[in-house]
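S.K.: Assemble the complex: chain L is given as a structure, and chain B must be docked to it using the hints.
2 protein chains.
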Amino acid sequence: MQDHLQRATWIWYPDDYEIWLHQKVSVLRQFRGYICPPSWRLDAAYTSVKFRKTFDLTEPELLTLSVQGEFVLLMDGSMTPIPYKKTPITSVHIPAGRHELTVNVYNDREIPAMYASGATCGTDGTWEVTALNGKWVPVASWTFHHIEQPPAAFPFSYETRQPAAVTNIDGGVIVDFGRETFGTVSFLEASGQGGIHLYYGESLEEAMAGEGAETFDTLAVNSAEPLDRTTSVTRAFRYIQIKTDPGISYAQIEHRYEYLPMERRGEFRCSDPRLNEIWEMSAHTLHINMREFLYDGMKRDRWVWSGDANLGFLINNYSFFEQDVAKRTMIALRGKEPVEIHINTIMDYTLYWFLSVHDYYLYTGDLAFVRSCYPKLVSLMEFCLNRRNEAGMLEGYPEDWVFIDWAPMERRGELAAEQLLFCRSLEAAALFAGEVGDSEGEARYGKLTGRLRETIYRLFWDDEQGGLIHGRYEGELNRQLLKYPNIFATRFHYLDEGQREAVREKVLKNDAVQKINTPFMRFYELDALCLLGEHDYVFQEVREYWGGMLDLGATTFWEEYDPAIPAERQYDMYGDKFRKSLCHAWGAAPIYLIGKYMLGVKPTEPGYSRYQVEPKLCGLEWIEGKVPTPDGEIAVYMDAWRIRVTANDSGIGVLKFKCAGRPIVNAGELTAVGGDEYELLLTSPSYEYEIELGRGDVHA
Amino acid sequence: MQDHLQRATWIWYPDDYEIWLHQKVSVLRQFRGYICPPSWRLDAAYTSVKFRKTFDLTEPELLTLSVQGEFVLLMDGSMTPIPYKKTPITSVHIPAGRHELTVNVYNDREIPAMYASGATCGTDGTWEVTALNGKWVPVASWTFHHIEQPPAAFPFSYETRQPAAVTNIDGGVIVDFGRETFGTVSFLEASGQGGIHLYYGESLEEAMAGEGAETFDTLAVNSAEPLDRTTSVTRAFRYIQIKTDPGISYAQIEHRYEYLPMERRGEFRCSDPRLNEIWEMSAHTLHINMREFLYDGMKRDRWVWSGDANLGFLINNYSFFEQDVAKRTMIALRGKEPVEIHINTIMDYTLYWFLSVHDYYLYTGDLAFVRSCYPKLVSLMEFCLNRRNEAGMLEGYPEDWVFIDWAPMERRGELAAEQLLFCRSLEAAALFAGEVGDSEGEARYGKLTGRLRETIYRLFWDDEQGGLIHGRYEGELNRQLLKYPNIFATRFHYLDEGQREAVREKVLKNDAVQKINTPFMRFYELDALCLLGEHDYVFQEVREYWGGMLDLGATTFWEEYDPAIPAERQYDMYGDKFRKSLCHAWGAAPIYLIGKYMLGVKPTEPGYSRYQVEPKLCGLEWIEGKVPTPDGEIAVYMDAWRIRVTANDSGIGVLKFKCAGRPIVNAGELTAVGGDEYELLLTSPSYEYEIELGRGDVHA
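Protein chains in written order, with full-length UniProt numbering: chain L, 1 to 700; chain B, 1 to 700.
Check each hint, because a few of them may be wrong.
Note that identical chains are pooled: a pair holds if it fits in a single copy or bridges any two copies.
[What the hints assert, rightly or not] Straight-line distance between alpha carbons at most 25 Å, and here's what the computed DMTMM-like set of lysine to aspartate or glutamate pairs gives:
| id | residue 1 | residue 2 |
| --- | --- | --- |
| 1 | K336 | E382 |
| 2 | K85 | D217 |
| 3 | K658 | E614 |
| 4 | K336 | D108 |
| 5 | K336 | E128 |
| 6 | K24 | E70 |
| 7 | K447 | E280 |
| 8 | K85 | E211 |
| 9 | K602 | E633 |
| 10 | K376 | D400 |
| 11 | K86 | D576 |
| 12 | K135 | E258 |
| 13 | K85 | E454 |
| 14 | K86 | E211 |
| 15 | K135 | E340 |
| 16 | K24 | E110 |
The set of hints was computed from the structure by calculation and includes no laboratory data. This one's a predicted model, so the numbers in the text were calculated from it and none came from an experiment.
Just chain L, same shape as in the assembly:
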């Protein structure tokens, strides 16, 4: 079809697309033939909404309409519907003059949505909508710009893939698609009467386990004539064991890979092929998990978790920079009013949500999104504030899951780690309040931040042990030294120089302190270690830990990996065989660590209007890559002799590097900041700065 003069688009009630979609996808998880709904409240879109728009037309105009739902058109406040033409296309005449058109839409399956286009006017961001709750708000829309493409179907891309290998086994075949993939399976020219049984496996062992696999389907065939048949629900797998009932035959198996089309705007190559492979596989892992939302893992849970998403967003910022997924995920996680329990029922996961919005704003500079979610951000914060104890701190309520990490620890009372997350959340809320012009909120949240930070340090900082202790329960301090609060304090830049040193030596690098075993918290730990300058240690760890999975034949990175576990139990988790997710978003952590600490690129002001580049070779001969920003990529090359940085298309950067002698630069303002440290100001958009470091004696 041709676009109309003005670009019309499908419109709906804000946040309802994400909330509706989230409910729909959250119940697709299956465990051995049974549904697995999430363990938190699933919110629903409004079913009855009213759109409005005032037209001021010099000529009467014919509006072409398509509505997702039943609808009625009203004009200028009258209670009597105005008739519309139903065939061949739905349309209504808008008379000349100033008229307010309202459209009531009801839909209890999909979101109520509409599309209208005329010669001069159509549905766009200037329309308003109400859920009949006393408030009119601007409509939301996305990329549904065609009248024939309503928002009921998510705009995925598809590729048909052939098996990499098909192996006969007793009573069936094993199909191997060569690497982890996601989608449906088709049997071409299937005939006979009965079922085709599919047992999916992220590992060969899982597929071979038949009904011991996490997911399996039966596809009914009932035709003497050969017909193509396709499974109805998407699954994550690399292998499928296929068994057919007697008399069933088919010509060929195909897989329809379903994915979100995304560009890999981030890039990385270096002199170590293993690290390159880790980066590539990380990108594939993340891509599989970025779809309608940023999921934890596509086999399991295929749910949206706020803590997992917090990591995933950071990784995305150094690879796809696909921010629509991020926004959908944050909206879905936040859900609807009233807030009755923490996000995902986990206290820390509510707090990670604030951190995610903060990271989102820092990396994108998208104030419009902050503005749109600010009221819900405030009510979520009020929920938290209402749950403070007399000391102004958060303790778990009986219904709260106080998580922090899968590790033995005291979870009762005031945990230092939770207060740090809370403090950072308050700090973010104060920032947002300021940005959206809520000066009262800014002052209040700011004051609460300061007071909580003071409480945390007064109670929990232990000079002797050189770190923040675990917490307090029923008035008694728990002086256990665990890494969590110290990781957070480091990440949030809440430590002074002396405290940083103490935390590095006495906590994070202290073998006597309980080790962190989950990749989830390991992400934050490695992040903190980089912030403390432990790059070499971190990237050695990346090579070993992620490399270990490669050695075991992984084609995507796992939810968890412990080299000490025997191979036959590597896929077990939560007490069940094959329950471990072998394609888990947080497994893609190396992308973030490499982008932020090896290529060394990070925004210092929202949206990369100011940014920093501080590349480090970390023992490699050369590194090269790109980091996406809202406005172009920042390209970095470094070897012992030179650094090349291409600035993004706007923004002002600072390149920080060391050089024993005086470096030679092709442009820009160079400042020696002391010792062998230099800063080069990157002010020319898209310009390639080149820095000659001399004779390779760079300390990096």
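M.R.: Chain B only, in chain L's frame:
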């Protein structure tokens, strides 16, 4: 089927059945082929819930299951589903010992609900449910006691009705069903290709208007063989104009009357046949409108309005005493959290909701219901309290509809009528708080009631005019004398004897004060006039106003009736021909007035544990009737010589009457209270008390 040892029943999340059903029925209204969704937020049931029950079994037990939705069974906190048998009947083995069974159910069309029964245990009120929001609450259930009868279909009764008359007209027929009815229409042995067009009319004129009627349907026929065809949506009508496309034929028209089975527990007969007819037709009018909920009118709006329901409940209390409809209606009106706008968007309608719960409790004594809705009652009250102005009074916000009545009046600022409704609501909240043991709430609401009542009288009582003035706007008193605040103050017993006299003479019986023209507010006015002793006036009015509709051929009572309007415009309303509802619940008001003020029966303590009977002949030769109570009916007979009262099956009544001489009673403690007034204590359950009044010289 046979019931199991214990009575199992379908269970679901509390209030969700009502909220789901309300959404479903609220969008059935049609206007000339277009949908008419209500102008308020429609709430939805939770789609994902989890039921739980701990069993303590000496023997293993087989539980037979039926679930409305997809589901998974889990036991004892494990994340691994327990398998269940799917055929021939769904069942699961519960092992002996103490085990907690949880059942996650997901359903996005109907409410998630389940039924389970075994030898010793099944789904009943001891199960709990959560919407995954951190709270476990006891499940709700109703009369769905059979495994094959899930709550998806409302348990209506049906009767097949034949037309009273079929008249040929140009190109079709007019079918008359003799009186207003409701349901679907069947065409037996229909054949041919095309449509049967039905134009419904509550009046003949409406049916004759074709597409000018409020509702019409087309039934598609596409069969050479004669097949029975039935319309898909229920409609309200007495007449139908039927036109068929060429070649369509059918053998017979039938109507399937759909109704809620209810017993007419209230009765009334008297020496005036016209009043008897008015009572009968009122009962029919109310019955048509009492279904899933108490509707305003079944043609229009077929919506649930809080103010309308407040009247309907009172009428129901003197006729069907069907309290399940009342409960469903109150739950549906209240909806879900958060409260964002007034009920039905109308400020007064929020306040009527509190009054309805109060009336419900007074007439039924059902504390369990009060307890179950108390948290939502509190949050609705908090919503109101948060909207008070500095003077502690309610003024309309821009999004509020300040209704009071369809009449010209100032609606801005502090209206005395609204404050009176608010004050009464606070008083009810204080009562409920006390009853459910919330002593803090009781004290708080009690104090607020007193303070507001004091404010109302200080500002708005005008001694000179002898009544409450209209209100205050921007600090300026509006001294207009309107009936509304004075009606409310009378009804709420907020007037002292002198004020009552003043209000009667100077306001309610003052022809210079703006007349009330709507049956809605007229109901409250007549109620107030009865409370002021104006029985004769009120029942003369009942004869004339309701009798006037009878004279115009009504078979049910109307939304509005003005004798002054010419016949050809009697069915117009809101600027549209035939928009008036001719079967409107509030049209049944005479039942209430007769029961409460002629038979004279009313509860004085919750649930008729204490009650009063004060019959009045109001100029008739004899009156006779029954008034339903939670525990049996109170029967009353009176003529000039005697009164007979049969006490209900529990409770203690006081019969109040006048007698010139000393009355003779067959039982009970008689007290002369002064003048010719007597009180007889009715303490014997179900006993018929007889009072001889002497020679017919009773003043009644």
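S.K.: With reference to the structure, classify each hint as holding or not holding.
M.R.: Taking the hints in turn, this is what the structure says about them:
{"no.": "1", "hint": "K336 / E382", "in the structure": "both (14 Å within a copy, 20 Å between copies)"}
{"no.": "2", "hint": "K85 / D217", "in the structure": "between (45 Å within a copy, 18 Å between copies)"}
{"no.": "3", "hint": "K658 / E614", "in the structure": "within (9 Å within a copy, 101 Å between copies)"}
{"no.": "4", "hint": "K336 / D108", "in the structure": "both (17 Å within a copy, 17 Å between copies)"}
{"no.": "5", "hint": "K336 / E128", "in the structure": "both (19 Å within a copy, 24 Å between copies)"}
{"no.": "6", "hint": "K24 / E70", "in the structure": "both (21 Å within a copy, 13 Å between copies)"}
{"no.": "7", "hint": "K447 / E280", "in the structure": "neither (45 Å within a copy, 69 Å between copies)"}
{"no.": "8", "hint": "K85 / E211", "in the structure": "between (54 Å within a copy, 16 Å between copies)"}
{"no.": "9", "hint": "K602 / E633", "in the structure": "within (12 Å within a copy, 80 Å between copies)"}
{"no.": "10", "hint": "K376 / D400", "in the structure": "both (20 Å within a copy, 23 Å between copies)"}
{"no.": "11", "hint": "K86 / D576", "in the structure": "between (56 Å within a copy, 24 Å between copies)"}
{"no.": "12", "hint": "K135 / E258", "in the structure": "neither (38 Å within a copy, 38 Å between copies)"}
{"no.": "13", "hint": "K85 / E454", "in the structure": "neither (67 Å within a copy, 59 Å between copies)"}
{"no.": "14", "hint": "K86 / E211", "in the structure": "between (51 Å within a copy, 16 Å between copies)"}
{"no.": "15", "hint": "K135 / E340", "in the structure": "both (22 Å within a copy, 9 Å between copies)"}
{"no.": "16", "hint": "K24 / E110", "in the structure": "both (10 Å within a copy, 15 Å between copies)"}
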